[in-house]
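One letter stands for each residue in the lines below.
There are 2 protein chains.
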Amino acid sequence: MLNFTYCNPTKIVFGKGAIAKINELIISDAKVLLTYGGGSIKKNGVYRQVKAALKKRMVVEFGGIEPNPAYETLVKAVRLGRKKKIDFILAVGGGSVLDGSKFIAAAIPYKNKNLWEIVAKRGQTVKSAVPLGTVLTLPATGSEMNAFGVISKLSTAEKLAFGSPLCYPKFSILDPQTTYSLDKKQLRNGIVDAFVHVAEQYATIDVSTPLQDRYAESIFKTLIDIAPAVMSPVRNGPPFAAVGHHKCPVSNGMSGKKNYDIRATFMWTATQALCGLLSCGVIGDWSTHGIGHEITAFFGLAHAETLAVVLPALWKYEINNKAGKLAMLAQNVWGVKKGTKKQKAAAAIKRTVEFFNSLDMPTSLKDYNITGKDIEKVVDRFARRGVSFGENGDIDAKAVRKILKLCL
Amino acid sequence: MLNFTYCNPTKIVFGKGAIAKINELIISDAKVLLTYGGGSIKKNGVYRQVKAALKKRMVVEFGGIEPNPAYETLVKAVRLGRKKKIDFILAVGGGSVLDGSKFIAAAIPYKNKNLWEIVAKRGQTVKSAVPLGTVLTLPATGSEMNAFGVISKLSTAEKLAFGSPLCYPKFSILDPQTTYSLDKKQLRNGIVDAFVHVAEQYATIDVSTPLQDRYAESIFKTLIDIAPAVMSPVRNGPPFAAVGHHKCPVSNGMSGKKNYDIRATFMWTATQALCGLLSCGVIGDWSTHGIGHEITAFFGLAHAETLAVVLPALWKYEINNKAGKLAMLAQNVWGVKKGTKKQKAAAAIKRTVEFFNSLDMPTSLKDYNITGKDIEKVVDRFARRGVSFGENGDIDAKAVRKILKLCL
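Respectively, the protein sequence lines represent chains A and B. Going by this note's numbering, the first residue of the first sequence is number 1, and it counts up by one from there. Going by this note's numbering, the first residue of the second sequence is number 1, and it counts up by one from there.
Source of the hints: derived by calculation from the structure; they are not laboratory data. Just so it is clear, the structure is predicted and the values come from calculations on it, not from any experiment. One should not assume that every hint holds.
Unchecked claim - To list a few chain B residues with every Cβ distance to chain A over 12 angstroms, as calculated: (1) Asp-29; (2) Lys-31; (3) Arg-48; (4) Val-59; (5) Lys-76; (6) Glu-158; (7) Asp-213; (8) Gly-281; (9) Lys-350; (10) Asp-367; (11) Tyr-368; (12) Asn-369; (13) Leu-408.
Stated by the list, open to error - No farther apart than 30 angstroms at their CA atoms in a straight line, the calculated lysine-lysine pairs in the DSS-like style are these: (14) A:Lys-337 / B:Lys-366; (15) A:Lys-398 / A:Lys-337; (16) B:Lys-83 / A:Lys-342; (17) A:Lys-55 / A:Lys-121; (18) B:Lys-342 / A:Lys-337.
The beta-carbon is built from N, C-alpha and C at its ideal position, and this holds for glycine as well.
Full structure from sequences and hints, please.
Take a look at the structure:
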């Protein structure tokens, strides 16, 4: 196990009716910047609940934060927040709203004029931040319980991650009922996003972390178990679908349970997938995310769509380096008991692709009409940046080309 | 899943050489009350490392905090801390030193004269606390990453738990090398303590928490896997002993690994067993602890010794209520695939007893020469208190008598 430091101070308030607790979590005379996305929260009742919980506090609203939140949009919120002298940010929405609000929180008190520096320097220049609370409505990114955000700059087609301990939300409200209005694509993307977060922290070098490995497998198995039920309609959804990994011998704990428990499990599992716990003492990979961000930046695919394409290709490219952990994945998660280490590793890739496809999630760039010529844009960017990714630091521009060819 | 609030702000600094980081974690002009136990830290080099890391800070020492820390001892430390106007407490040792130091931290600024009130009122009257950091040397209680302490009052033979969010350590240093000087009994007790912490949060009512259940099973399995290696001598210890649950198909991650990784896994697993994570959305039991504390108070058994005796008896007594979860334990942790739900539940109890016994841990009160007459003292105390324990609130004095008879 590697040396590590772990500290996650975010307070999670989880459950039915949790939004009303906002009133106890923000000081009563706070001037609140309320951030949100395209307005779905006004249709599903979340906005109404949030406003009611904020009572008589001064509220400045900033809506319209888009998926893959744009620097160009966020600087407008920074200007508004500074002008109104807000002293608390309440982000209501999915990962994009939360990520964007972390940037706003860090940018409002930022001394230098060039706010993009916060992102370009990966958050290391952040010296203070406006306190932030969140109301999560889309289980996927884990942003509600971590210190990271991913921001896009439209003018240069860049998409980069930043992070600072100052950007941990002070609290995050997770009411699984807020997920009832999500559509199939949002749910599918959330499942894949959480799955790949775990993969980036598990399918790497084995440094003797059996507990962390089992935690990761716990999340994989839970996501696989609940996926069919998560993807089913809410009102008359089927009972919790166990695939046998964790079936209680006589009375499966989830059988007969319907929407609420399924969504609650989905929400908590996605949060756990990227709250820092799985990374304790572990070497991360994160090259799927690095490559995926560029595909979003150039071609506009949703974040999870890029991950579903890149992960299997990266695993094929790295099959020798990752064989041990991929074989463990095959055995402990997918139940593959026979074959050599390499055969099991190949089975893990195949089963992962089948799982993504079972959610109607494409796993090839062809599905998005992206060709071998297009991928050179991405390769070129990595070549110019000169950075290498992955747990062995061996994913350079040349490797990216080979991986992207396997995505076609 | 039940509604829950989760917030654990303790910073964990884990790994080789972590003690030196104390210097970065405590302000440079702090007046530090350094608390410890019987002096083993002076023999194994930990005291020297701690003193070196504290540099030129003013340090007031209070040694001699005993196992099952006594109120009568701790009030002396409170007096000393008040007199010397200390503003930070650094607790170095195992769970008893840490628990006792939490009491000292809460008691120094306590307004009322009767300090026992802090414990008697379960921590609910704590309004402030001196900041506390810890250096853990004995993986077992989880006190390094939770807000609880258990304090004994010798004058009345009481042993009670208290807790307050103000008692979370600001930081805890976990260097697995500090465990090398532990003896077999301390290691055995640590393994059993962590195991029972998980049991209290797992073998209860199933409220549809598959991720939390899998996390719990991850800890059970890891403890079972590493136990033989943890119990082996350090210098030429055997490779990490996997019992097949998590054996990597080709290259088991732990094979060939020796002392450090085994102890690192043990240390992190014991911390995880009682950091609040497993309790999220779950109904706890805690009657084994409630009964066990009284056995320690009256008969002087070590905490873990009481747990190993009471848990199997409680499970036998509650086998109908707990059959679902115990059968899951048998299947998912012990690999019991055949039998009815009740047969599997019985197998889980049998395997747990065998596991404890494999660590040379007794599971009967007879082993401590405690008789059927003696147990009436414990029953009588519960009768006078009139409280009921357990996830169903049905463990009253009468039930305690029946359970204790099963312990004989």
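The hints, checked one at a time:
1. With a least CB separation of 23 angstroms from chain A, Asp-29 of chain B remains clear of the 12 angstroms interface cut-off, as annotated.
2. No Cβ of chain A approaches the Cβ of Lys-31 of chain B within 12 angstroms, the least distance being about 24 angstroms, so the stated non-interface status holds.
3. Arg-48 of chain B, annotated as away from the interface, keeps every beta carbon of chain A farther than 12 angstroms; the closest lies near 20 angstroms.
4. With a least beta-carbon separation of about 24 angstroms from chain A, Val-59 of chain B lies farther than 12 angstroms from that chain, consistent with its non-interface assignment.
5. Listed as outside the interface, Lys-76 of chain B is consistent with that label: its C-beta sits roughly 32 angstroms from the nearest C-beta of chain A, beyond the 12 angstroms cut-off.
6. Taking the minimum C-beta to C-beta distance to chain A, about 33 angstroms, the non-interface status of Glu-158 of chain B holds against the 12 angstroms cut.
7. The beta carbon of Asp-213 of chain B sits about 7 angstroms from the closest Cβ of chain A, which is not more than 12 angstroms, so the claim that it is off the interface is violated.
8. The claim that Gly-281 of chain B is not at the interface with chain A is violated, since a C-beta of that chain comes within 12 angstroms of its own (minimum 7 angstroms).
9. Distance check on Lys-350 of chain B: its Cβ is at least 16 angstroms (rounded) from any Cβ of chain A, clearing the 12 angstroms threshold; non-interface status holds.
10. With a cut of 12 angstroms on Cβ distances, Asp-367 of chain B stays outside the contact zone with chain A, its closest approach being about 31 angstroms.
11. Distance to chain A confirms Tyr-368 of chain B as a non-interface residue, since its nearest Cβ pair spans about 32 angstroms, more than 12 angstroms.
12. For Asn-369 of chain B, the condition that its CB be more than 12 angstroms from all CB atoms of chain A holds, with the nearest at approximately 38 angstroms.
13. For Leu-408 of chain B, the requirement that its beta carbon stay farther than 12 angstroms from each beta carbon of chain A is met, with the minimum near 31 angstroms.
14. The straight-line distance between the Cα atoms of Lys-337 of chain A and Lys-366 of chain B is roughly 45 angstroms, outside the 30 angstroms bound, and the hint therefore fails.
15. Between Lys-398 of chain A and Lys-337 of chain A the CA atoms are separated by roughly 35 angstroms; this puts the pair beyond 30 angstroms, and the hint is violated.
16. As the CA atoms of Lys-83 of chain B and Lys-342 of chain A are separated by approximately 67 angstroms, the hinted pair breaks the 30 angstroms bound.
17. For the hint pairing Lys-55 of chain A with Lys-121 of chain A, the CA-to-CA distance comes to about 38 angstroms; that exceeds 30 angstroms, so the pair is violated.
18. Under the criterion of a C-alpha separation no larger than 30 angstroms, the hint pairing Lys-342 of chain B with Lys-337 of chain A is consistent with the structure, at around 29 angstroms.
Hint check: violations occur at hints 7, 8, 14, 15, 16, 17; the rest are consistent with the structure.
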